[in-house]
Amino acid sequence: MRQTMPVRLGAAEDTLIAQLKSVGADATAERITVAGLPTRRVESYHYTDLKTLLRAIPPLAQAANEASAPALRVPGAYQLMIANGVIQSASTAPAGVIVGKAAGGVLTTRDDVLVHLNGAFAKESLTLTLESSVDPVIQIDRRSEGEAAHVADSLKVFVADGASAVILETFSGSNAAHVGNHATYMALGKNAVVTHITVDLSPRAAAHFASNEYHIGEGAKLRTLVIHAGAGLSRTQLFPRYEGAGAHGDITGLNLVVDGQHADITMDASHAVPHTSSQPLFKSVARGRGKAVVQGKLVVARDAQKTDAKFMHQGLMLSDEAEILSKPELEIYADDVVCGHGSTCGKLDEDSMFYLTSRGIPKEQAETMLVRGFIEELVDPIEDEALAEALHGIVDGWLLGK
Amino acid sequence: MTTPILEIRNLHARIEEREILKGVNLTIPAGQVHAIMGRNGSGKSTLSYVLAGKEDYEITEGEILLNGENILEMDPAERAVAGIFLAFQYPIEIPGVATMTFLKAAMNAQRKARGESELSTPDFMRAVKEAGAQLNIDSDMLKRPLNVGFSGGEKKRAEILQMALLKPALCVLDETDSGLDIDALQVVSKGVNALRDANRSMLVITHYQRLLNHIVPDVVHVFSDGRIVESGDKDLALQLEAKGYADFDATAA
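Chains as they are written, first to last, in this note's numbering: chain W, 993 to 1394; chain U, 2 to 254.
Just so you know, these hints were derived from the structure itself, not from any lab.
All residues carry an ideal CB built from backbone N, CA and C; glycine is no exception.
Please note that the accuracy of each hint is not assured.
To give an idea of the interface, some chain W residues facing chain U are shown, with a C-beta separation under 7 Å as derived from the structure [claimed, not checked]:
| no. | residue |
| --- | --- |
| 1 | Ser-1036 |
| 2 | Tyr-1039 |
| 3 | Ser-1344 |
| 4 | Tyr-1347 |
| 5 | Arg-1351 |
| 6 | Pro-1354 |
| 7 | Met-1361 |
| 8 | Glu-1368 |
Please put together the full structure from these sequences, using the hints given.
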């Protein structure tokens, strides 16, 4: 029998274990006690060593008394709010939307610490059932308010056959060292068409974690866009599962990091049946000593013939000290598929800079234009004009804020 | 005598260890169009890049005066504001930046640098529409990302459109005829000729005489091994076309 070496636990882990025990999640507490938070030796956390990066966990969140101003307002959107894990009462839902609550978390259990922690701490889940196509953008405004808090919340969305919707999630809150652990579960019925955008606008002091699980049915089309533009430490995990013939995912994401920030988008996609396709496209822009990570795994099941999936990560380094890390993984068990991956990384093109400046555009403005151009491919497919404009605003804010 | 628009004095430039411009002297008075002809590799394009301020080149000697002011210390954007415009031989494709957005940014950046107010959107649209009409540029083309997927002719027309909108004092056209068929050449030349003006000078760089049938120069210079070796009127271009550059190489040597 193998002897397990006890792991030395840090302050963050001690706090987590106590918090887990306080909510009765003994199994998860035991896991942390034995294994600790994942280090670089755990493959899926290789570039995001939580044991090193996550030094302290604030107290579990209490219901918030007040909320800060919304971080992102999209004209015409239907808004729902979850503050410190508590679902707030909402205005009348638009046609086709049924809003409800369920006890506990929503994610399917998997071997991942963030998924386990969310399951343990999320007390209730906001549920949305979209019975038919929904016109307005649905915005779920997730907040961490008040003193630094450990916040867990959860959202579950069912999209009926043939329905379409645009769902925006924004993460923000008071300026404190919050740790947010957010979960979203989304099931797309036959031929459903969904755009799901998640934008982290948390304060720099915060750590932001999100895990999004998608079940994409026959003929359904999913477009995602993850934007990391807030927390000092952020990681969004994407778990799309293509479950019916013709299911397609345009899984996209954007890391925007400045000096001292660490942002990670990790996708673990599963093509489970024949004739599904996906086009994961991620971009990272890093300034100063910012660090951006993209990991993309495509798992193609044995009978998932004719899978067509291409992963791409493009990095843009705006300084010599920036770090952009890219890890594509293909795990293919079928023998008749078209799968690929690619990664590029570079600086702003000098010829492009010369061209723009030779027209009288000052250097800094030319840089901004080129970075915006680099990112545009991700925002361009968003059809809702007000939403696209709001997203451009975030990108511009980041570019000008430096 | 009035100050010439452009005066280049004994200009030497190198890239890394290689000297490319070896003592260029050139004066273009206001209102004149000068052509520079020379074979590939003679340094013609380098001269155009050095005028526009590309960073790759080191100026080891000489000066460039624009309206009597030395521009060597200026960066490319400042030179553009001072009145230099380079129409690129190979315009750069900029994905994600709509042509219209770029035009507005360039016009307003120059206005701002000169202390003028920004153009209103209607004024901007009107200016672009008027200038575009002459060059057969429609609004669909302007909505596309800058130069991305443009045909050779579209790229060159877009360059001339920028020139028309930015109203430079000195237009430098680097091999504007390359990649153009006869029809496109006519449209582009017409656009250039429409910009000839008593207060504007042009430097047309080419290695074919063909372009100079359309844009008729006041003076033709022969460029060889990094300097001007012969100057004359437009007939010099015909002479070159007939005899080739060999005679002038001998002159240079």
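Going down the list of hints, with the structure as the test:
Hint on Ser-1036(W) is violated. Least Cβ distance to chain U is approximately 32 Å, over the 7 Å limit. Interface restraint check: Tyr-1039(W) against chain U, minimum CB-CB distance 27 Å, threshold 7 Å, status violated. Contact between Ser-1344(W) and chain U, as hinted, is supported at the beta carbon level, the nearest pair being about 5 Å apart and thus within 7 Å. Below 7 Å, beta-carbon pairs count as interface contacts, and Tyr-1347(W) has one with chain U at about 4 Å; its hint therefore holds.
The interface hint given for Arg-1351(W) holds, since its Cβ lies 4 Å from the closest Cβ of chain U, which is under the 7 Å cut-off. Annotation: interface hint on Pro-1354(W) holds; nearest CB of chain U at approximately 5 Å, less than 7 Å. Annotation: Met-1361(W) was flagged as interfacial toward chain U, and the flag holds, the nearest CB pair being 5 Å apart, inside 7 Å. Because the beta carbon of Glu-1368(W) sits about 3 Å from the nearest beta carbon in chain U, less than 7 Å, this interface hint is met.
The structure does not agree with the numbered hints 1 and 2 stated previously, though it agrees with the rest.
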